[in-house]
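A.B. asks: So you can see what is in the structure, the chains are spelled out below.
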Amino acid sequence: MDLNKDLVAASSTSLVLAILAQEESYGYAILKRVRELSAGRMEWTDGMLYPVLHRLERLGYIEAQWGVSECGRRRKYYAITARGRTQLVEERKQWQAVDETLRGVWSALSLPPPVGPLVSQGT
Amino acid sequence: MSAPDNAVRIEQQIDQWRSYLRRRQAIASVDVEELEDHLREQISALGSAGLGDDEAFLIAVKRIGNLDKLSREFAREHSERLWKQLVATSDSSGERSVRGRREAVVAFGLAILAALAIKLPELFGLQLNADAGFYARNLGLFVLPFLAGYFVWKRGAQPSTLLWLAAAFVAAALFANVYPLATGGTQEALTAIHLPIALWLVVGVAYAGVRWSEVGGRMDFVRFSGEHFIYYVLIALGGGVLTGFMVALFTSIGIDPEPFFERWMLPCGAVGAVLIGAWLVEAKQSVIENMAPVLTRLFTPLFVLVLLAFLATMAWTGRGLDIQRELLIAFDLLLVVVVGLLLYSISARDPQQPAGAFDVLQVVLVIAALLVDAVALWAIAARISEFGFTPNRVAALGENLILLVNLAGSAVLYVSFLRGHGTFTALERWQTSYLPVYAAWAAVVVIAFPLLFGYG
Chain A
906 MDLNKDLVAA SSTSLVLAIL AQEESYGYAI LKRVRELSAG RMEWTDGMLY PVLHRLERLG
966 YIEAQWGVSE CGRRRKYYAI TARGRTQLVE ERKQWQAVDE TLRGVWSALS LPPPVGPLVS
1026 QGT
Chain B
1064 MSAPDNAVRI EQQIDQWRSY LRRRQAIASV DVEELEDHLR EQISALGSAG LGDDEAFLIA
1124 VKRIGNLDKL SREFAREHSE RLWKQLVATS DSSGERSVRG RREAVVAFGL AILAALAIKL
1184 PELFGLQLNA DAGFYARNLG LFVLPFLAGY FVWKRGAQPS TLLWLAAAFV AAALFANVYP
1244 LATGGTQEAL TAIHLPIALW LVVGVAYAGV RWSEVGGRMD FVRFSGEHFI YYVLIALGGG
1304 VLTGFMVALF TSIGIDPEPF FERWMLPCGA VGAVLIGAWL VEAKQSVIEN MAPVLTRLFT
1364 PLFVLVLLAF LATMAWTGRG LDIQRELLIA FDLLLVVVVG LLLYSISARD PQQPAGAFDV
1424 LQVVLVIAAL LVDAVALWAI AARISEFGFT PNRVAALGEN LILLVNLAGS AVLYVSFLRG
1484 HGTFTALERW QTSYLPVYAA WAAVVVIAFP LLFGYG
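As you go down the protein sequences, you meet chains A and B in turn. Using my numbering, you'd call the opening residue of the first sequence number 906 and step up by one each time. Using my numbering, you'd call the opening residue of the second sequence number 1064 and step up by one each time.
If you are wondering where the hints come from, they were derived from the structure by calculation, not from laboratory data. Note that the coordinates shown come from a computational prediction; the quantities given were computed from them, not determined experimentally. We treat Cβ as the ideally placed atom computed from N, Cα and C, and that holds for glycine. It is possible that part of the hints are untrue.
As the list claims (entries may be wrong) - Here are the simulated PhoX-like pairs of lysine-lysine, each with C-alpha atoms no more than 20 Å apart in a straight line:
1. A/Lys937 with B/Lys1347
2. A/Lys910 with B/Lys1132
3. B/Lys1347 with B/Lys1217
4. A/Lys910 with A/Lys937
5. B/Lys1125 with A/Lys910
6. A/Lys937 with A/Lys981
What the hints assert, rightly or not - Pair ranges (Cβ atoms, derived):
7. B/Ala1070 with A/Ala915: 40 to 50 Å
8. B/Gly1301 with A/Glu975: 45 to 55 Å
9. A/Lys910 with B/Ala1311: 35 to 45 Å
Produce the complete structure using the sequences and hints provided.
C.D. replies: Right, dumping it as structure tokens:
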């Protein structure tokens, strides 16, 4: 199952901020992490991550710095800022509100829950 | 295939991908670097998963995504890049911005020096209005040495070049003032027009430095000249608006700003703007698309139309040229424009590109200009003895011949390029080798004409 593009786009800010809140990272590693976390169901076109990163940087949620990778290439690393953490809390509240609302609707409909494990991490 | 071979091929493919990405205006070079790091990481990850290099490259490129879409996303995030920033110092890399600031300080400093230089003669009792002849003859000397100095500062120069530059300016100062030229006379006007032309070449030597002997170095100077002219005109227009407001404001409180404008603002601004314009061209060199070639593209077809229509009308109606004294100068100017159109389209053209429709248009333009000029020369030759050989007419005739030879040579080289016999580089070399000829003739007019025709 591939997620709807609009949903992917809408969740991108929260996801990137949450990943960077764990530790500073760079484009390729962030994408890898997204793939792991979503068990491959959230497919981003790789290049599209970068405009997102640049937007978050412009908004002051993250900071970029050029460093050197383990194999000696120049690499741009991103780290979350204090403003970014505040924003992350806000995003989390909003997603929780969406989540709770949807849960209420699902239970009211009393549909059978989706089949299969939700997270297939570590396989 | 051996492993090193493979690595080389992957590098070539990455190079190609990178240059393809760089062509997109919205994606800055630092972003290209970031994306390239991503691509390489992806390739090595796929490689360690067991894919061959070629395959890994293809998949990695595909995962980066459609470049058009990506470029649109970048453009949405960085719309300012489509409108490149005005001031070059806004570059993110710190070192370059320090250099940019220092350059701005030097350029403004030299502009102030040039402004002081043009006010300096007043200390010796010379007046801009009363001694207009002196100022006209020396106009280039007030500003061009500073411009040359700017390039010497920026690019450095060998001691021999420095000596040569200094000698050229001293000689110019000498010949501009040594002859007792009549005030308001023909020769004074000729010197005032031709000395800056000769000195502009001296500026070119300072601009190109050691690259003056190369086609590329001279072509860069040609590009610089075109852009500089455009910037100068724009600055002048802005200055005109500023002046208009200044006059209106001060007049409204009963103060006449005209003496200030005439004595300070106009002369100081006019010479200072030469340096500021040069600085802007240098700073924005690679940042913004060059304007001169764009205008060339626009006006070449229009000039072709006008010239062809003129020739056709003349042939159809059988009308001869109405010979007037200024006719020669008018045709000189026409040839200057055509040479300029040719030069700037050459300067913007990739020499490796095969001949196209625009090249044919250029040839038509050159040949039409040659025909029109030939008609004019024919008409004038018949009456030149009647008019007499005044210095004005000899200067104009000399210029006409110089431009005519240039265009004829260009036509021959261009046609042989179109027919696949010659290279475009030959045409470039012809144009750049020709640059000193203009300066040489201008120097002859300044140096030899007073001796030949008197000081009148």
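A.B. asks: Measure nothing beyond the straight line between the CA atoms of B/Lys1125 and A/Lys910; if it is 20 Å or shorter, mark the hint as holding.
C.D. replies: Holds. B/Lys1125 to A/Lys910 sits at ~18 Å (cutoff 20 Å).
A.B. asks: How does the Cβ-Cβ distance of B/Ala1070 and A/Ala915 compare with 40 to 50 Å: does it lie in that range?
C.D. replies: 42 Å, holds
A.B. asks: Sort out whether A/Lys981 lies within 20 Å of A/Lys937, counting only the CA atoms.
C.D. replies: OK: A/Lys937 and A/Lys981 at ~16 Å, within 20 Å.
A.B. asks: Has the given pair, A/Lys937 with B/Lys1347, been kept, meaning a C-alpha gap of at most 20 Å?
C.D. replies: 40 Å, violated
A.B. asks: Starting from A/Lys910, check that the Cα of B/Lys1132 is at most 20 Å away, please.
C.D. replies: Satisfied, since the Cα-Cα distance of roughly 14 Å is no more than 20 Å.
A.B. asks: If I claimed the Cβ atoms of B/Gly1301 and A/Glu975 lie 45 to 55 Å apart, would that claim hold in this structure?
C.D. replies: 53 Å, holds
A.B. asks: Does B/Lys1217 sit within 20 Å of B/Lys1347, going by the straight-line distance between their CA atoms?
C.D. replies: Status holds; Cα separation ~15 Å.
A.B. asks: Just to be sure I understand the hint, the distance between the Cβ atoms of A/Lys910 and B/Ala1311 should be within 35 to 45 Å; is that true here?
C.D. replies: 58 Å, violated
A.B. asks: CA of A/Lys910 to CA of A/Lys937, is that 20 Å or under?
C.D. replies: 18 Å, holds
Comparing the model with each numbered hint stated earlier shows that hints 1, 9 do not hold.
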